[in-house]
Amino acid sequence: MSERDSRELVERWVALAGEETRGIGADLVARYGEPHRRYHTRDHLTAVLDLVDELAAYADDPDAVRLAVWFHDAVYDPERGDNEERSAVKAERVLADTDLPPATIAEVARLVRLTAAHDPGPGDRNGQVLCDADLAILAADPEKYAAYTAAVREEYAFVPDEYFTTARADILRSLLALPALFHTPPARERFEQQARHNLQTELMLLEAGSPRP
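Residue numbers (the UniProt record's numbering): 1 to 213.
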């Protein structure tokens with residue numbers, strides 16, 4: 001993403017949260033530009049924000065969902081397993097210094113934590129929109145999906161192949177075990193079938209490449 005695009009992303013934050021929070025937006029944009037990121041980048045942030053805009057009518061509080069998008073990968077260290085929790089805590093701390101109501105801040109943090117499992121309840125309209133937008137990459141065309149999986153592998157380059165394959169396969173199985181990957185009507189119609197196909201194909205390839213016991 002170019003510097004111009006990054007500046008425009010900051011302006012997008014300002015339009016959402018107010019001029020007085022510009023510094024928060026600039027810090028978040030810088031975080032999504034950290035050099036160790038390959039998939040969880042500014043491009044990912046932009047893509048999820050764009051899809052939340054498309055699905056906004058299905059959320060009870062679209063702006064809370066948008067704020068959660070900004071924070072959902074604010075802390076991203078592949079060597080740790082608590083990034084969602086740490087990102088939620090960061091949202092609580094940073095937003096406490098703004099004029100946002102405590103209830104909104106709590107909802108933002110709840111939504112960020114929800115991205116650990118991507119399994120919103122049947123009445124959780126905000127959670128459904130956030131999770132649908134975050135998982136939309138799973139329904140990408142084969143070339144884009146391959147680029148996504150390659151980028152994720154790069155982020156975990158420090159993990160030996162055999163361990164990564166096992167962990168990745170477990171994630172794919174957990175996603176495939178969900179009753180539905182997508183929850184809002186348009187996302188389910190657009191993404192569910194292709195996403196399951198992509199996940200099943202990736203799992204099959206991982207299993208085919210794993211050493212036999």
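Fair warning: there could be bad hints in the mix.
The following label-pair restraints were derived from C-beta to C-beta distances [to be verified]:
{"#": "1", "residue 1": "86", "residue 2": "189", "range": "17 to 25 Å"}
{"#": "2", "residue 1": "97", "residue 2": "153", "range": "16 to 24 Å"}
{"#": "3", "residue 1": "20", "residue 2": "209", "range": "27 to 35 Å"}
{"#": "4", "residue 1": "147", "residue 2": "57", "range": "29 to 37 Å"}
{"#": "5", "residue 1": "169", "residue 2": "104", "range": "34 to 42 Å"}
{"#": "6", "residue 1": "26", "residue 2": "121", "range": "21 to 29 Å"}
Hints in this document: simulated from the structure, not taken from any laboratory. No residue lacks a Cβ here, since even glycine has one placed at the ideal position from N, Cα and C.
Hint by hint, here is what the structure shows:
1. 86 x 189: 17 to 25 Å: 34 Å, violated
2. 97 x 153: 16 to 24 Å: Given range 16 to 24 Å: violated, Cβ gap about 37 Å.
3. 20 x 209: 27 to 35 Å: Cβ of residue 20 to Cβ of residue 209: about 52 Å, so the range 27 to 35 Å is violated.
4. 147 x 57: 29 to 37 Å: 30 Å, holds
5. 169 x 104: 34 to 42 Å: 38 Å, holds
6. 26 x 121: 21 to 29 Å: 34 Å, violated
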